[in-house]
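*Asks:* Sequence:
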Amino acid sequence: MADACAYVAGHSLGEYSALTAAGALQLSDTARLLKLRGASMQKAVPVGVGSMAAILGLDLPDVQAIASEASNAEIVEAANDNSSGQVVVSGHKGAVEAAVALATERGAKRAVILPVSAPFHCRLMQPAADAMAEALAEASISTPCVPVIANVTAAPVTSPDEIRKLLVEQVTGMVRWRESVIAMRTLGVEQGVELGAGKVLCGLVRRIEKDIECLNAGTPEEVEALIGQLKG
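Heads up: the sequence shown runs through residues 1 to 232, numbered per our numbering.
Hint data in this document are derived by calculation from the structure and do not stem from the laboratory. Don't take each hint at face value.
[What the hints assert, rightly or not] In the SDA-like style, the derived pairs of lysine to any residue whose C-alpha atoms are separated by at most 25 Å in a straight line are:
{"#": "1", "residue 1": "K199", "residue 2": "G57"}
{"#": "2", "residue 1": "K165", "residue 2": "Y16"}
{"#": "3", "residue 1": "K199", "residue 2": "K165"}
{"#": "4", "residue 1": "K35", "residue 2": "G48"}
{"#": "5", "residue 1": "K199", "residue 2": "K210"}
{"#": "6", "residue 1": "K93", "residue 2": "A39"}
{"#": "7", "residue 1": "K35", "residue 2": "P46"}
{"#": "8", "residue 1": "K165", "residue 2": "G48"}
{"#": "9", "residue 1": "K199", "residue 2": "P220"}
{"#": "10", "residue 1": "K165", "residue 2": "L33"}
{"#": "11", "residue 1": "K109", "residue 2": "K199"}
{"#": "12", "residue 1": "K35", "residue 2": "S159"}
{"#": "13", "residue 1": "K210", "residue 2": "V200"}
{"#": "14", "residue 1": "K210", "residue 2": "P147"}
{"#": "15", "residue 1": "K35", "residue 2": "L56"}
{"#": "16", "residue 1": "K35", "residue 2": "G57"}
{"#": "17", "residue 1": "K93", "residue 2": "V49"}
{"#": "18", "residue 1": "K43", "residue 2": "V116"}
{"#": "19", "residue 1": "K109", "residue 2": "Q64"}
{"#": "20", "residue 1": "K165", "residue 2": "S17"}
{"#": "21", "residue 1": "K210", "residue 2": "K165"}
{"#": "22", "residue 1": "K165", "residue 2": "S12"}
{"#": "23", "residue 1": "K43", "residue 2": "G14"}
{"#": "24", "residue 1": "K210", "residue 2": "V193"}
{"#": "25", "residue 1": "K43", "residue 2": "A54"}
{"#": "26", "residue 1": "K43", "residue 2": "E74"}
{"#": "27", "residue 1": "K210", "residue 2": "A54"}
{"#": "28", "residue 1": "K199", "residue 2": "L114"}
{"#": "29", "residue 1": "K35", "residue 2": "A131"}
{"#": "30", "residue 1": "K93", "residue 2": "P115"}
{"#": "31", "residue 1": "K93", "residue 2": "P127"}
{"#": "32", "residue 1": "K165", "residue 2": "I182"}
{"#": "33", "residue 1": "K199", "residue 2": "G38"}
[Stated by the list, open to error] Here are the computed distance ranges between Cβ atoms for each label pair:
{"#": "34", "residue 1": "V49", "residue 2": "D130", "range": "13 to 21 Å"}
{"#": "35", "residue 1": "L13", "residue 2": "K109", "range": "23 to 31 Å"}
{"#": "36", "residue 1": "E74", "residue 2": "L230", "range": "45 to 53 Å"}
{"#": "37", "residue 1": "S159", "residue 2": "G196", "range": "22 to 30 Å"}
{"#": "38", "residue 1": "L34", "residue 2": "T158", "range": "15 to 23 Å"}
{"#": "39", "residue 1": "R110", "residue 2": "L13", "range": "19 to 27 Å"}
{"#": "40", "residue 1": "G198", "residue 2": "R106", "range": "26 to 34 Å"}
C-beta: ideal position from N, C-alpha, C; glycine also.
I would like the entire structure built from these sequences, with the hints used as guidance.
*Replies:* Set out below in structure tokens:
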């Protein structure tokens, strides 16, 4: 089905789904890599040491400035640039709490600690990135049938070696989803389909680029209907 599309993209873990859909990864390899990724991320930081928080109502530059100020002797960084006015920060628990307090003082509509098990997409995940680098070095990655918009560059990628490199960087790097959607619109995308349960990504796409129509196919029946539509 991916070859009926111009591009594929996925948010964080979803990037592996996008690569699998485009034929860059085999499903069995994806399952193995994601199992390792999850276990490595949990192992990288002891429970209770890290945290994440959603900052609503402030844009990326403002949140990055707040994170820089809140870091002090600890780490807190922008982890997900989801859309205008929705940025997630990640790092040491104390630094994240300090960032939440600063964001509230500086006009955030809401700043809330997220119920997550680890501080994803920040430098604290370096041990997990090292583990993924080793695993991905041995993984078979093919040229995708359509370009994949990479999380950490917000740009199309087709080279297997570059995909391998970017998947390692993704573990500690910021998910540039807002820029990814903007890039797809710039590349001529007018319609997108979110595959899977829920409509979170469709909601973000509508907030970022109102000119992109976003559909959702979450059940097997909806996916089959979509395939029929694409074939037609």
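*Asks:* Look at each hint and say if it fits the structure.
*Replies:* Hints, verified against the model:
Pair hint K199 plus G57 holds up; C-alpha atoms about 21 Å apart against a cutoff of 25 Å. With a CA separation close to 13 Å, the supplied pair K165 and Y16 stays within the 25 Å bound. At most 25 Å may separate the alpha-carbon atoms for a hinted pair to count; K199 and K165 exceed this at roughly 29 Å. For the given pair, K35 sits about 22 Å from G48 by alpha-carbon distance, which is consistent with the 25 Å threshold.
Proximity of K199 to K210 is assessed by CA-CA distance (about 15 Å); at most 25 Å being required, the pair is judged to hold. Note on K93 and A39: the hinted pairing holds, with a Cα-Cα distance of about 20 Å set against a maximum of 25 Å. A distance of roughly 18 Å separates the Cα atoms of K35 and P46; the hinted pair therefore holds under the 25 Å criterion. For a cut-off of 25 Å, the pair hint linking K165 to G48 is broken: about 30 Å separates their Cα positions.
Under the criterion of a C-alpha separation no larger than 25 Å, the hint pairing K199 with P220 is consistent with the structure, at around 15 Å. For the hint linking K165 to L33, the alpha-carbon distance of about 14 Å falls within 25 Å, and the restraint holds. For the suggested pair K109 and K199, the alpha carbons sit about 22 Å apart, so the restraint of at most 25 Å is met. Distance check on the hinted pair: K35 and S159 sit about 24 Å apart at the alpha-carbon level, within 25 Å; holds.
Restraint check for K210 and V200: satisfied, since their Cα atoms lie roughly 15 Å apart, inside the 25 Å limit. With a CA separation close to 23 Å, the supplied pair K210 and P147 stays within the 25 Å bound. For a cut-off of 25 Å, the pair hint linking K35 to L56 is broken: about 31 Å separates their Cα positions. Note on K35 and G57: the hinted pairing is violated, with a Cα-Cα distance of about 34 Å set against a maximum of 25 Å.
Using a Cα cut-off of 25 Å, the hinted pair K93 and V49 holds, with the two alpha carbons roughly 6 Å apart. Proposed proximity of K43 and V116 is supported: the alpha carbons are some 14 Å apart, at most 25 Å. The hinted pair formed by K109 and Q64 meets the criterion: a straight-line CA distance of about 16 Å does not exceed 25 Å. With a CA separation close to 17 Å, the supplied pair K165 and S17 stays within the 25 Å bound.
About 32 Å separates the Cα atoms of K210 and K165, which puts this hinted pair outside 25 Å; it is violated. Between K165 and S12, the direct Cα distance comes to roughly 15 Å. Compliance with the 25 Å bound is thereby established for this hinted pair. With a CA separation close to 21 Å, the supplied pair K43 and G14 stays within the 25 Å bound. The hinted pair formed by K210 and V193 meets the criterion: a straight-line CA distance of about 14 Å does not exceed 25 Å.
With a C-alpha separation of about 23 Å, the suggested pairing of K43 with A54 holds against the 25 Å cut-off. Between K43 and E74, the direct Cα distance comes to roughly 19 Å. Compliance with the 25 Å bound is thereby established for this hinted pair. Taking the CA atoms of K210 and A54, the gap is near 23 Å; set against the 25 Å cutoff, the hint holds. Between the alpha carbons of K199 and L114 the distance comes to roughly 19 Å, so the proposed pair stays at or under 25 Å and holds.
For the given pair, K35 sits about 12 Å from A131 by alpha-carbon distance, which is consistent with the 25 Å threshold. For the given pair, K93 sits about 12 Å from P115 by alpha-carbon distance, which is consistent with the 25 Å threshold. In summary, the hint linking K93 to P127 is supported, as the alpha carbons are separated by about 18 Å, within the 25 Å threshold. Taken as a hint, the K165 and I182 pair is honoured in the structure, with Cα atoms around 23 Å apart against an allowance of 25 Å.
For the hint pairing K199 with G38, the CA-to-CA distance comes to about 23 Å; that is within 25 Å, so the pair holds. Against the hinted window of 13 to 21 Å, the Cβ-Cβ separation of V49 and D130 comes to about 18 Å, which satisfies the hint. Distance hint check for L13 and K109: the Cβ-Cβ separation is about 27 Å, which falls inside the suggested range of 23 to 31 Å. Checked against the hint of 45 to 53 Å, the C-beta distance between E74 and L230 comes to roughly 48 Å, which is consistent with it.
The hinted window of 22 to 30 Å between S159 and G196 holds, with their beta carbons roughly 26 Å apart. For the pair L34 and T158, the supplied restraint of 15 to 23 Å holds, since their beta-carbon distance comes to about 22 Å. Checking the proposed 19 to 27 Å range against R110 and L13 shows it holds: the Cβ atoms sit about 25 Å from each other. Look at G198 against R106: about 31 Å separates their beta carbons, and that is inside 26 to 34 Å.
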